[in-house]
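Numbering of the sequence shown is given in the working numbering, commencing with residue 1 and proceeding in unit increments.
Simulated from the structure, these hints should not be mistaken for laboratory data.
This one's a predicted model, so the numbers in the text were calculated from it and none came from an experiment.
C-beta atoms are modelled at their ideal positions from N, C-alpha and C, and glycine is treated no differently.
Fair warning: there could be bad hints in the mix.
[Unchecked claim] Keeping only pairs whose Cα atoms sit at most 30 Å apart, straight-line, the calculated DSSO-like set for lysine-lysine is: (1) 241 / 372; (2) 11 / 29; (3) 241 / 29; (4) 145 / 215; (5) 372 / 29; (6) 241 / 201; (7) 201 / 215.
[Said to hold, decoys possible] Here are the simulated distance ranges between beta carbons: (8) 47 / 24: 20 to 26 Å; (9) 228 / 11: 44 to 50 Å; (10) 44 / 84: 19 to 25 Å; (11) 56 / 88: 19 to 25 Å; (12) 52 / 161: 34 to 40 Å; (13) 56 / 84: 26 to 32 Å; (14) 233 / 277: 53 to 59 Å; (15) 221 / 6: 46 to 52 Å; (16) 228 / 321: 26 to 32 Å.
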Amino acid sequence: MEPSNLRQIAKKEPHLLAAILTVASKDEKEWWQIHEICSAHMQQLIGELIYGGRGSVEAVEAMLILAEWIPRRPHATPSVGRGEEDNCAWMFVGTAIRLGYLLGIDRTGFRTENENETTADLNRKRLAWAACYMSDRQISVRIGKAFWSRGPGPMTALRAQDFPSLQPRLDRNDDFAAIFQANLELTQLFSNAHDVLYATKARSSQLNFGGEYVKYIDDFRVALRSWHSIWGGFTCSPPLKASLILSYEYLRLYINAFAYQATLNRLAAQVEAAANGQQTKAPTHPFGSDIAATPDARFIYDSIDAAKSLLSTFNSFVDPEETFRFMPLRYYLYVIYSAVFLYKARSTGVMAGDSRGTVRRMVTDTIDRLQKASACPNDVGDRYSRLIRLLWRKPPARHSVAEGAEMPHPTTAQPRVPVQRHDLNDQQEQMMFDPAPINSFSWLDLEAVGDFAITNNESIGSGSYDGLDRYDDSSGDGFAGFDQNMLLPQQFSWNGMSPSGVIF
1 MEPSNLRQIA
11 KKEPHLLAAI
21 LTVASKDEKE
31 WWQIHEICSA
41 HMQQLIGELI
51 YGGRGSVEAV
61 EAMLILAEWI
71 PRRPHATPSV
81 GRGEEDNCAW
91 MFVGTAIRLG
101 YLLGIDRTGF
111 RTENENETTA
121 DLNRKRLAWA
131 ACYMSDRQIS
141 VRIGKAFWSR
151 GPGPMTALRA
161 QDFPSLQPRL
171 DRNDDFAAIF
181 QANLELTQLF
191 SNAHDVLYAT
201 KARSSQLNFG
211 GEYVKYIDDF
221 RVALRSWHSI
231 WGGFTCSPPL
241 KASLILSYEY
251 LRLYINAFAY
261 QATLNRLAAQ
271 VEAAANGQQT
281 KAPTHPFGSD
291 IAATPDARFI
301 YDSIDAAKSL
311 LSTFNSFVDP
321 EETFRFMPLR
331 YYLYVIYSAV
341 FLYKARSTGV
351 MAGDSRGTVR
361 RMVTDTIDRL
371 QKASACPNDV
381 GDRYSRLIRL
391 LWRKPPARHS
401 VAEGAEMPHP
411 TTAQPRVPVQ
421 RHDLNDQQEQ
431 MMFDPAPINS
441 FSWLDLEAVG
451 DFAITNNESI
461 GSGSYDGLDR
471 YDDSSGDGFA
481 GFDQNMLLPQ
491 QFSWNGMSPS
501 GVIF
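Construct the complete structure from the given sequences, taking the supplied hints into account.
As structure tokens, this is what we get:
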């Protein structure tokens with residue numbers, strides 16, 4: 001990519017050059033007009049690529065770049081981030097994978113005894129396919145879709161030496177090959193955790209009530225600690241080091257949070273059974289001051305610690321304007337997911353009273369830094385900071401027990417049916433509650449999170465977000481105890497709108 005070779009590069013690798021220019025121009029205000037031109041040209045190239053059904057490795061690389069750094073999307077009015085960028089990312093990585101299969105580069109992930117080809121072309125194909133695998137796993141899990149690509153062969157353990165083009169050189173000190181290996185190993189762990197814990201709704205439900213997940217989570221925690229013992233002390237530039245830490249902490253949250261939700265789901269089942277008269281003993285709330293007594297306490301504590309550590313790393317070690325603004329989309333979403341998870345943890349009374357204020361200040365700092373990371377109003381950071389501000393601005397509304405409600409079932413929205421007090425005995429009356437909108441979202445489903453955040457702030461007019469700098473402090477530093485409005489199991493897409501693969 002030497003400037004002196006741009007004419008030749010534009011001819012031989014038009015998709016890659018256009019993708020690089022499109023991404024490089026999107027975060028600099030003086031280049032936005034160039035970005036619009038490059039983006040329009042990129043759209044034309046993609047259309048020709050799909051229509052013609054032909055391409056080369058450079059087109060695969062171009063699609064992967066666009067999947068990680070989504071081109072700027074026009075927003076005429078202030079909006080809230082809802083994960084819409086992931087839909088584009090999924091389309092880009094899907095195109096890259098299909099083209100990779102057409103070109104046969106998927107076979108570079110398997111070694112053969114007679115493999116004598118060690119050319120730069122083979123190395124480039126292997127790197128491109130490994131990147132396809134990583135992006136596919138990351139993006140597909142985020143939106144709850146099936147994986148499109150095969151991973152590395154079962155007898156193939158790709159290492160830094162398999163990516164010679166990323167090895168250190170005189171003009172760069174960072175060992176990009178080693179960093180790529182670290183991310184590849186972390187992605188494999190991420191993929192395995194998804195396949196074991198979150199593969200299907202039925203499988204996750206079985207684990208929730210059978211308890212086998214404890215062994216699996218323990219195994220993944222051991223594997224994650226092993227990864228950290230190798231790569232935790234790896235020396236590289238601060239931005240790359242921050243990217244490794246953020247990825248590690250997010251995977252720690254992703255694994256341990258399964259136990260948190262499993263505990264809630266078991267409690268929800270008990271509450272529903274009590275409400276239907278199927279059991280006479282009122283369930284005991286597992287959270288609040290007795291969290292240490294719950295069977296999954298260590299996992300719950302670790303999930304909260306991971307989310308807090310991720311936000312702390314973002315707030316303390318990542319410059320929002322010089323570094324984070326230019327990082328791939330996934331790191332923005334890691335930050336958002338962590339803030340949403342902490343909101344749900346706070347709402348279920350998991351956090352100790354002395355930590356709620358600290359977490360709230362941490363979230364406030366996160367919102368400010370996301371705004372600073374935005375190159376313009378309504379940029380990615382700005383829209384997601386607005387989402388988090390809306391979410392944390394007010395506690396979920398608490399409805400009168402007297403109103404009552406039927407428990408909704410998967411895929412069908414149930415109408416509200418008033419329940420008369422004289423029809424309930426004391427215990428049943430105690431167990432009835434009105435499932436507030438907070439029950440309709442998963443901490444991994446940003447579209448549903450956005451719906452809840454806006455619904456919970458009904459006083460804000462359509463398209464008007466004035467006054468979002470003011471929090472509603474009516475709840476002090478958080479809920480004092482367990483909030484029954486959180487009891488509806490998130491294991492399933494109860495509102496019928498969540499992506500099918502988003503488990504909770």
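Notebook entry, point to check: For the pair supplied as a hint, residue 145 and residue 215, is the alpha-carbon distance within the 30 Å limit?
Noted result: Holds, at roughly 26 Å.
Notebook entry, point to check: Does residue 241 pair with residue 29 here, judged by a C-alpha cut-off of 30 Å?
Noted result: holds, 27 Å
Next item on the list: Just tell me: holds or violated, for the beta carbon distance of residue 56 and residue 88 against 19 to 25 Å?
Entry: Taking Cβ atoms as reference, residue 56 and residue 88 lie about 23 Å apart, which means the hint holds.
Check: Between residue 228 and residue 11, does the C-beta distance stay in 44 to 50 Å?
Finding: holds, 45 Å
Margin query: Tell me if the straight-line CA distance from residue 201 to residue 215 falls inside 30 Å.
Written below: holds, 19 Å
Next item on the list: Indicate whether the distance between the beta carbons of residue 221 and residue 6 respects the range 46 to 52 Å.
Entry: Holds: the Cβ-Cβ distance is about 49 Å, inside 46 to 52 Å.
Next item on the list: May I ask you to test the hint 26 to 32 Å on the CB atoms belonging to residue 228 and residue 321?
Entry: holds, 29 Å
Check: Per the hint of 26 to 32 Å, is the separation of the Cβ atoms of residue 56 and residue 84 within bounds?
Finding: holds, 30 Å
Next item on the list: Evaluate the given range 19 to 25 Å for the C-beta pair formed by residue 44 and residue 84.
Entry: holds, 22 Å
Check: Do residue 47 and residue 24 keep their Cβ atoms within the hinted range of 20 to 26 Å?
Finding: At roughly 22 Å between Cβ atoms, residue 24 and residue 47 fall inside 20 to 26 Å, so the hint holds.
Checklist line | Range agreement (Cβ of residue 277 with Cβ of residue 233, hint 53 to 59 Å) | finding: holds, 58 Å
Check: Are the Cα atoms of residue 11 and residue 29 separated by 30 Å or less?
Finding: holds, 28 Å
Against the hints set out earlier in the document, a violation occurs for number 6 only.
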